[in-house]
Amino acid sequence: MDTDKLNRQEIARYLGIKGERPDERTSALVEEMINEISHLATPRYTARVLEILQTPEGVVLNPGGLCLNSAQLKALLKHSSQGVLFAATLGVGVERRIRLYGTSDVLKSLVLDCVASEYIEKYCDEIQQEFAEQYAPKGLYVTRRFSPGYGDLPLSVQADCLRMLDAHRKIGLGLTPEYIMTPHKSVTALFGLSAREDKTLGLPKCAFCSMRENCAVRKAGAYCGR
Amino acid sequence: MGTQLQAKGLELGHSPEVLNITNPAPVMEIYKSYIQSGSDIISACTFGANEYKLEGTGYSVEEVIGAAVTNALKACEGTDTLVALDIGPIGELLEPAGTLAFERAYEIFKRQVVQGVRSGAQMVIIETMTDLYEVKAAVLAAKENSTLPILCMMTYEQSGRTFTGCTVESMAMTLEGLGVDAIGLNCSLGPKEIFPIVECLVAITQLPVAVKPNAGLPNLQTGAYDVTPEIFGEYISRFADIGVNIFGGCCGTTPAHIQKIREVLGGKTPVVRKVLPRAGVCTPTKAVWIDGVKVIGERINPTGKRLFKEALQNHNIDYILGQGISQVESGADILDVNVGLPGIDEAAMMKEVVKQLQSVLDTPLQIDSNIPAVIEGALRIYNGKAIVNSVNGEEKVLNVVLPVVKKYGAAVVGLALDENGIPPKAEERVKIAKKILDAALSYGIPKEDVIIDCLVLTASTQQAEVVETLKAVKLVKEQLGLKTVLGVSNISFGLPQREIINQSFLTMAMANGLDLPILNPGRVEMMDAIAAFNVLYNRDKGAGAYIDYCARRQAPVVQANPVPNAGAPGAVTPANKEQDIPYAILKGLKNEVGAQTAQKLQTMESMQIINDILIPALDVVGEQFEKGKLFLPQLIQAAQAAQAGFDVIKQALLKSAQQSVLKGKIVLATVKGDIHDIGKNIVKVILENYGYQIFDLGRDVPVERVVQCAKEQDVKLVGLSALMTTTLGAMEETIRALKEQKPDCKVVVGGAVLTKSYAMQIGADFYAKDAKETVDAAKQVLG
Numbered sequence: 084m085d086t087d088k089l090n091r092q093e094i095a096r097y098l099g100i101k102g103e104r105p106d107e108r109t110s111a112l113v114e115e116m117i118n119e120i121s122h123l124a125t126p127r128y129t130a131r132v133l134e135i136l137q138t139p140e141g142v143v144l145n146p147g148g149l150c151l152n153s154a155q156l157k158a159l160l161k162h163s164s165q166g167v168l169f170a171a172t173l174g175v176g177v178e179r180r181i182r183l184y185g186t187s188d189v190l191k192s193l194v195l196d197c198v199a200s201e202y203i204e205k206y207c208d209e210i211q212q213e214f215a216e217q218y219a220p221k222g223l224y225v226t227r228r229f230s231p232g233y234g235d236l237p238l239s240v241q242a243d244c245l246r247m248l249d250a251h252r253k254i255g256l257g258l259t260p261e262y263i264m265t266p267h268k269s270v271t272a273l274f275g276l277s278a279r280e281d282k283t284l285g286l287p288k289c290a291f292c293s294m295r296e297n298c299a300v301r302k303a304g305a306y307c308g309r
Numbered sequence: 002m003g004t005q006l007q008a009k010g011l012e013l014g015h016s017p018e019v020l021n022i023t024n025p026a027p028v029m030e031i032y033k034s035y036i037q038s039g040s041d042i043i044s045a046c047t048f049g050a051n052e053y054k055l056e057g058t059g060y061s062v063e064e065v066i067g068a069a070v071t072n073a074l075k076a077c078e079g080t081d082t083l084v085a086l087d088i089g090p091i092g093e094l095l096e097p098a099g100t101l102a103f104e105r106a107y108e109i110f111k112r113q114v115v116q117g118v119r120s121g122a123q124m125v126i127i128e129t130m131t132d133l134y135e136v137k138a139a140v141l142a143a144k145e146n147s148t149l150p151i152l153c154m155m156t157y158e159q160s161g162r163t164f165t166g167c168t169v170e171s172m173a174m175t176l177e178g179l180g181v182d183a184i185g186l187n188c189s190l191g192p193k194e195i196f197p198i199v200e201c202l203v204a205i206t207q208l209p210v211a212v213k214p215n216a217g218l219p220n221l222q223t224g225a226y227d228v229t230p231e232i233f234g235e236y237i238s239r240f241a242d243i244g245v246n247i248f249g250g251c252c253g254t255t256p257a258h259i260q261k262i263r264e265v266l267g268g269k270t271p272v273v274r275k276v277l278p279r280a281g282v283c284t285p286t287k288a289v290w291i292d293g294v295k296v297i298g299e300r301i302n303p304t305g306k307r308l309f310k311e312a313l314q315n316h317n318i319d320y321i322l323g324q325g326i327s328q329v330e331s332g333a334d335i336l337d338v339n340v341g342l343p344g345i346d347e348a349a350m351m352k353e354v355v356k357q358l359q360s361v362l363d364t365p366l367q368i369d370s371n372i373p374a375v376i377e378g379a380l381r382i383y384n385g386k387a388i389v390n391s392v393n394g395e396e397k398v399l400n401v402v403l404p405v406v407k408k409y410g411a412a413v414v415g416l417a418l419d420e421n422g423i424p425p426k427a428e429e430r431v432k433i434a435k436k437i438l439d440a441a442l443s444y445g446i447p448k449e450d451v452i453i454d455c456l457v458l459t460a461s462t463q464q465a466e467v468v469e470t471l472k473a474v475k476l477v478k479e480q481l482g483l484k485t486v487l488g489v490s491n492i493s494f495g496l497p498q499r500e501i502i503n504q505s506f507l508t509m510a511m512a513n514g515l516d517l518p519i520l521n522p523g524r525v526e527m528m529d530a531i532a533a534f535n536v537l538y539n540r541d542k543g544a545g546a547y548i549d550y551c552a553r554r555q556a557p558v559v560q561a562n563p564v565p566n567a568g569a570p571g572a573v574t575p576a577n578k579e580q581d582i583p584y585a586i587l588k589g590l591k592n593e594v595g596a597q598t599a600q601k602l603q604t605m606e607s608m609q610i611i612n613d614i615l616i617p618a619l620d621v622v623g624e625q626f627e628k629g630k631l632f633l634p635q636l637i638q639a640a641q642a643a644q645a646g647f648d649v650i651k652q653a654l655l656k657s658a659q660q661s662v663l664k665g666k667i668v669l670a671t672v673k674g675d676i677h678d679i680g681k682n683i684v685k686v687i688l689e690n691y692g693y694q695i696f697d698l699g700r701d702v703p704v705e706r707v708v709q710c711a712k713e714q715d716v717k718l719v720g721l722s723a724l725m726t727t728t729l730g731a732m733e734e735t736i737r738a739l740k741e742q743k744p745d746c747k748v749v750v751g752g753a754v755l756t757k758s759y760a761m762q763i764g765a766d767f768y769a770k771d772a773k774e775t776v777d778a779a780k781q782v783l784g
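Protein sequence lines correspond, in order, to chains G and V.
So my numbering is basically just the index in the first sequence, starting at one, shifted up by 83.
So my numbering is basically just the index in the second sequence, starting at one, shifted up by 1.
A few of these clues could be false.
Unchecked claim - Partner residues aside, some chain G positions facing chain V, computed with beta carbon under 10 Å:
(1) A158
(2) K161
(3) G185
(4) H251
Please keep in mind that the hints were generated in silico from the structure rather than gathered at the bench.
C-beta atoms are modelled at their ideal positions from N, C-alpha and C, and glycine is treated no differently.
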């Protein structure tokens with residue numbers, strides 16, 4: 084990935100920096116960690132295009148028949164009869180380095196962690212972009228992505244999603260009994276291939292964000308505007 | 002099996018393995034079609050039949066494996082085809098990336114092996130593995146619970162590494178050591194893509210090699226594979242020509258592919274590979290070949306180091322890890338690990354330190370202990386191939402330790418001494434070395450894995466014997482052809498300017514054939530000697546490594562981060578001396594704080610410096626952080642700068658043999674099941690710099706462990722963190738247990754998903770929204 088695409092302001096926000104821009108020293112450290120992650124990350128993904136059925140019980144994905152009971156997801160996929168379930172990960176290298184810095188330099192571990200969060204988000208954007216380009220000639224648009232644990236979709240469907248994708252075998256992505264994905268910098272998500280382009284489809288903005296659980300901005304009752 | 006079942010229209014949602022019971026007909030058909038196509042071995046449909054993956058299916062591991070193996074045996078009736086128990090990955094990542102403990106993984110695999118044996122499986126295939134640690138658990142389970150032959154295959158990416166970064170060399174070295182019967186590669190890639198990786202494997206292993214590629218790379222959209230049996234066959238022929246011994250097909254291959262393999266191999270005679278044995282050690286991601294001078298770092302050892310002893314007594318693992326990290330940064334290739342100290346449980350400590358070192362470093366380790374149980378415990382959980390330090394020429398030592406070395410496939414250091422002590426003459430030491438070598442060979446340990454320590458005696462007391470050591474090194478090399486190791490710095494004990502003697506002795510020893518000097522890689526003169534030696538002995542061709550070394554050597558040794566524009570030392574106004582340290586802390590200037598603290602120590606008591614200068618300075622930073630004028634990175638920088646001051650004070654106290662300056666003890670832990678520990682680590686750094694002694698239990702910490710430590714250390718404050726809604730239950734449980742068993746202990750909690758009201762609801766005494774608030778809680782409880 085072209086690391087120029089990583090949004091520095093977003094990284095600063097993850098670091099808890101409010102206002103305009105971080106101090107020079109922090110900025111320099113962010114750049115240093117961006118340089119490191121470009122050597123450490125081994126981003127991979129696996130995806131399946133699935134048929135989407137809207138049923139009273141929820142959104143059903145076929146083949147497989149996985150039923151996702153979420154009103155918000157249902158709203159997002161209003162105009163989609165197909166969708167893409169995917170899992171993406173940055174690999175173990177990033178994780179290992181964050182762990183090393185956790186022992187030797189906790190500031191670096193924090194900054195690298197925040198850089199990695201931005202990296203995986205951008206990587207997911209790229210994946211969606213690929214599908215968007217592929218399906219545009221068919222008159223289909225990609226919706227926003229929606230992950231287990233967002234909004235009203237329980238985190239516990241994570242296991243089913245990973246199993247449907249054979250994600251452990253395909254990209255080395257595992258899950259702990261507490262539904263923590265390992266490597267930690269990983270995302271699973273579903274997005275629709277929608278007959279209509281409607282960026283407002285769906286729900287409160289934070290529900291889409293993978294930083295939701297950790298977000299200081301959201302905790303303070305605000306919205307980052309992303 | 003998977004793609005074949007799909008071809009029969011079966012959706013592989015949950016566990017295809019239960020089909021062995023619920024719908025065995027299509028499985029039997031598949032078995033038979035492969036037997037007919039000429040397979041010598043078929044894998045029973047047991048790939049994912051482990052307790053993790055079968056959970057929720059309503060069937061046990063025993064039922065599924067029992068049915069699968071029985072069906073497969075039935076299908077093979079009347080043929081010569083063998084049935085293998087097929088073992089795939091558990092599906093959950095092992096520690097440290099995940100939370101599944103190595104010992105637990107072993108138990109999971111053991112259940113599969115036991116049932117496989119019971120049902121009559123004729124061999125064990127471990128395949129599609131990406132984590133060498135998981136492979137090791139599976140291999141140990143297979144070896145300890147069966148006598149069946151083991152074929153072990155891992156899955157590589159085109160980069161030549163597995164998802165977890167394991168190299169082909171590390172796989173070969175580790176699995177050869179563990180005594181599997183054949184190794185190889187399967188899945189992930191097609192025959193074309195897998196070819197260069199297989200080439201690499203056949204060049205380094207003496208074991209039979211297996212290859213089981215996919216039928217090409219799957220189409221990302223459709224999942225279809227496109228390599229036809231004809232093309233597959235062409236590659237099989239090429240694999241046979243480079244000396245592959247066992248062939249098969251993975252995802253996307255069909256009975257037609259297997260039939261093609263049969264046809265192609267029919268006209269061929271097996272190629273006999275000639276692979277020269279090489280000495281080496283490894284971790285999954287790094288192989289270190291001992292084919293020149295390699296440095297073993299000596300610093301993880303309490304002998305004569307008060308801070309290290311304290312760290313062991315206080316269970317300060319981070320201090321020990323720090324010793325490892327800095328040695329690797331200075332150029333250590335291997336780290337010696339010795340944690341023996343009276344009064345501590347050496348076996349438990351060794352296991353913990355090895356696991357922790359391996360979670361942050363990829364440097365191979367040398368397990369340094371005389372106690373067989375300590376060695377065995379460490380070798381069992383070590384990920385890769387280690388060195389054991391040490392055995393000697395005593396019969397009873399050899400007979401106890403060497404079987405353990407053999408079982409776990411380690412290399413071993415043999416000290417050239419026996420029950421009569423260290424022989425003065427070189428020839429006598431060589432004789433003992435020979436005895437050690439013979440004993441090792443008799444246990445099946447290859448010659449390359451035997452390393453002899455000819456023993457360094459102190460020049461100040463046994464001057465005449467220094468040359469005997471050098472001579473012994475030379476003789477062991479020439480006569481026995483073994484690698485040698487020496488604890489170099491012992492030579493200068495009792496002499497002034499030890500570095501002069503050390504450096505010269507090191508050079509002499511290398512010239513006599515020393516391969517593995519054990520030394521402190523932080524000593525520049527020692528690393529200098531090695532860099533120069535490699536040039537002068539024509540090992541560092543073109544002196545490229547030497548030139549790089551010199552470039553690094555000249556770089557100014559700055560403590561940690563360069564500081565762009567953060568105020569040069571000149572920015573501190575000399576007129577306002579009292580402001581010096583606080584200013585430097587505020588700006589995060591480590592060196593400045595260290596230097597000025599040292600100055601202050603000449604006129605002030607250490608406690609006074611801490612209470613009147615360092616802590617108030619941190620308070621100012623904390624206030625600014627609270628007001629939103631400074632942010633988390635600067636708060637951490639300030640704490641790290643203050644750390645430099647504390648370190649100076651600690652060192653000074655050490656010299657004057659005074660007690661450490663500590664304000665009180667705090668236990669920190671990230672709760673069971675949670676592995677997000679960055680927040681906890683930040684809190685730790687900040688608290689330490691307020692003078693508290695921190696017992697950091699790490700992440701994924703069981704309830705009992707927190708309670709036990711709180712009781713043992715009699716702490717008054719425990720800090721717990723959790724980042725997931727799914728782990729808040731474990732936090733609540735930990736608090737409850739603490740309140741029951743250590744009622745006078747307060748609990749402060751933090752973590753992204755927590756709120757103040759929820760924290761109170763689960764029984765916490767304090768909720769801290771950030772590191773600063775944790776300090777406030779600590780001040781309330783401990784002062």
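To see whether the hints hold, each was checked on the structure:
no.: 1; hint: A158; result: violated, 23 Å
no.: 2; hint: K161; result: violated, 24 Å
no.: 3; hint: G185; result: holds, 5 Å
no.: 4; hint: H251; result: holds, 5 Å
When held up to the earlier numbered hints, the structure conflicts with 1, 2 and fits the remainder.
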